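Could you put together the complete structure from these sequences and hints?
Protein chains: 2
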Amino acid sequence: MTVDFESLRGRRVLVTGGLGFIGSNLARRLVELGADVVLVDSLIPEYGGNLFNVAGIEDRARVNISDVRDVHAFRHLVRDRELLFNLAGQTSHLDSMRDPVADLEINCAAQLNMLETCRRHAPGIKIVFASTRQIYGRPDYLPVDEKHILRPADVNGINKMAGEWYHILYNNVHGLKATALRLTNTFGPRMRVKDARQTFLGVWIKAVVRDEPFEVWGGQQLRDFSYVEDCVDALLAAATTDAVDGRFYNLAGDRVISLHDLAELLVEVAGGGRYEIKAFPPERKKIDIGDYYAEDTAFRTTTGWQARTRLGDGLAATLAFYRQNIDRYL
Amino acid sequence: MTVDFESLRGRRVLVTGGLGFIGSNLARRLVELGADVVLVDSLIPEYGGNLFNVAGIEDRARVNISDVRDVHAFRHLVRDRELLFNLAGQTSHLDSMRDPVADLEINCAAQLNMLETCRRHAPGIKIVFASTRQIYGRPDYLPVDEKHILRPADVNGINKMAGEWYHILYNNVHGLKATALRLTNTFGPRMRVKDARQTFLGVWIKAVVRDEPFEVWGGQQLRDFSYVEDCVDALLAAATTDAVDGRFYNLAGDRVISLHDLAELLVEVAGGGRYEIKAFPPERKKIDIGDYYAEDTAFRTTTGWQARTRLGDGLAATLAFYRQNIDRYL
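Heads up: the sequence lines are chains A and B, in that order.
Under our numbering, think of the first position of the first sequence as 1, with each following residue one higher.
Under our numbering, think of the first position of the second sequence as 1, with each following residue one higher.
A portion of the hints provided could be inaccurate.
[As the list claims (entries may be wrong)] Below, simulated DSS-like cross-link-like pairs (lysine-lysine); rule was C-alpha separation at most 27 angstroms, straight line: (1) A:Lys285 <-> B:Lys177; (2) B:Lys194 <-> A:Lys177; (3) A:Lys147 <-> A:Lys194; (4) A:Lys286 <-> B:Lys286; (5) A:Lys285 <-> B:Lys147; (6) B:Lys147 <-> A:Lys147; (7) B:Lys177 <-> A:Lys177; (8) B:Lys147 <-> B:Lys278; (9) A:Lys177 <-> A:Lys285; (10) A:Lys147 <-> B:Lys206; (11) A:Lys286 <-> B:Lys285; (12) A:Lys147 <-> B:Lys285.
These aren't lab readings, by the way, just hints derived from the structure by calculation.
Note that the structure is predicted; figures quoted are calculated from it, not measured.
Have a look at this one:
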C-alpha cells in the first residue's frame, strides 16, 4: 500500500452504516489517522450495526443513531462534512426478495435523498459509495472487469445498481465528487456472524469457533475474498486520490478459490472443524450467480492500492477475533 | 408484419398509462382486435394522459382513473387479467433531475409494487414493459445492440433501468412471464405536444401546425424514430410470441437521421414551416447522450415484427392528426 493517508488527519468525515461491519473497521482506522469522525447507523436488527463494533473508540468518534431515510437528521449531520463514506445498505439477497420494497427504500430512495441533500447542503463533499459485485449477476466471462454488462440476479442487486448510478450521475451532472467501489465478498472482524445476511462466511466462522459443523452449499463455485482491512485501505485510497471522479471500480480478492477449498483452508487455519457438503437450497439456487471473481487493475492503477492480506492470514485474524468476542455477535 | 394478432380476441388486457400516448394507441388497436380492455391512468398533468386520446372507444374499453402507486386499486384491477401492458411512467428527463424522488416513486417503487401484486394475485399474467433507449446513456458504439453496457445519463434513465430489471427478475425468479422493449424515440398521433416532456418532436409538430417557428438544438445528433403504430405492433408481437421470456429487446426506427435533416423533412412533408438552429441549452447539455440509434435484429428475428412506416409517412399522418385536433393537446 503506497497511498499516503496522512492527509486524512483532521478531515471531517461522515460514515453511514458506521456501526456495521465495514463501516466500523473504517471508523477505527479513521480515528487512528486523526480524522474527525461521525458515524450514522440505525441499528436495524437484521442489518450489520452493532455497538460493540466501536468498543474502544467511543470517545474518539461521534455516534449518531438515525436512519439514512431520515432526511432531516442526515441534513444536519452532513452539513459540515468534507468526506462521506456511504456504506449504509440492506445487504441480504434473500431479504430483498421477501421484502423488495424495504430494500428499495434503503438502497435506492435513501441514496437518492442523501445525494440530493449533499447537493443542496454540502456541495463540496467527496463521496465514496460501497457498491457490490452483486450487480453483475451471473458473469459472462471471468475475471469480471468493469466493462462487463450489469445483469443483477436479485432485487438487492437491482437496487444497488440504481444506488451506484445515482452517485455516478450526481458526480457527472451536479458536480459532487463521487466514486463507487464494487466490493467483492468481504470478511473479517466485526462482520455479522449471526446469520448469512452479510456473508455465508460469517456462519462458517461462528460454527468453527463454537465447535459446530458448518454446511457448504455446492462447493465448486469459485469466488474471491477481500479481507476487511484491505477493503478499508481501498475506501481510503478512493477518497484520497484521483479515483473520486464519477467512476466505478471493481475490488478483487487476494486469490480465487472454490468454496470447498475455502472450507478446507478454514479448517486448516483453525486447527480443526467439521463441514458437510450440501446441495444448494432451492430458494437460493434461483438467485445464485455461479462462479465470480473480479479483475481490479483499473483501481490498482489509479490509486496504487493493492490487497496485502493473504486469505489464510485474514481467516486466522478473523477466527482470533471471534474466539475472543463471539458472545457479542450472537 | 407477419404476426397474427387474432389470438387477442376476447383476451383480458390491462394497460397502465392507458390514456397516454402509446397506451391509448395500443388501446385503440386492442379494441379493434376484440380484446377486453381496461385502461389505468392517473392523468397527472405533466404526464401523457389525455381523455381525448380514447375519444370514440370510450364504450369499448373500461377506463379506471387511478395511480399505479395505488397498490389496492391495482390489485383489484389486475386480478382477472391475462395480459398487462405496463406503460405507466414518468418520461421527462429534466423533471427527473428536478424531482428525482417523484421519478423514483413512479419508475421504480410503483413498478416493484405492481410486480409484487402480480406475483401474489395474478401469477399467470404476461407482462410487456415499455423500457427506453434512455438507459444506455451515451453510446460506446452504433448502432446500439442489447449487448451494449447500460450507462444512464439522468435519473429517469437510472430508474427506468431498475424498473426494467425488476420485470426481468420477476420473470426469472418468480415465474411471471415478462419482457421489456427498449423503445427508441416514438412519435405519432396522441403524443404530448404541449411541451418536450415526452419528445421534442411534439413541440416541433405543434409549432408547424400553428405556423410558428420551432427550435432545433444542435442539429447534428443522429437518432432513429419509431412511428407509434409500429411501436403498437411491437408491443402486440411481444405479447403474442415467444418474446415474453424475461428478455429485453431494442426497437429501432425506420432509418437514421440527423435532427437537422429531420427538421428539413418535417418542413417538406408539412409543405412549409420555419425553424432555427440553436446551441444546446446548458441544463440539457449535461444529460444529452449524443448520437443514438438502435439495432433490433433480436426482436425482429424472435417475433417476425418489423417497422413498416416510413418516417415521412409517419410525420404526415401525425401532422394530419394535429391539424385536426391541436386544441385538444394544448
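Status of the hints after comparison with the structure:
no. : hint                  : in the structure
1   : A:Lys285 <-> B:Lys177 : 19 angstroms, holds
2   : B:Lys194 <-> A:Lys177 : 36 angstroms, violated
3   : A:Lys147 <-> A:Lys194 : 35 angstroms, violated
4   : A:Lys286 <-> B:Lys286 : 39 angstroms, violated
5   : A:Lys285 <-> B:Lys147 : 25 angstroms, holds
6   : B:Lys147 <-> A:Lys147 : 11 angstroms, holds
7   : B:Lys177 <-> A:Lys177 : 40 angstroms, violated
8   : B:Lys147 <-> B:Lys278 : 34 angstroms, violated
9   : A:Lys177 <-> A:Lys285 : 38 angstroms, violated
10  : A:Lys147 <-> B:Lys206 : 42 angstroms, violated
11  : A:Lys286 <-> B:Lys285 : 42 angstroms, violated
12  : A:Lys147 <-> B:Lys285 : 25 angstroms, holds
Checked against the numbered hints above, the structure breaks hints 2, 3, 4, 7, 8, 9, 10 and 11 and satisfies the rest.
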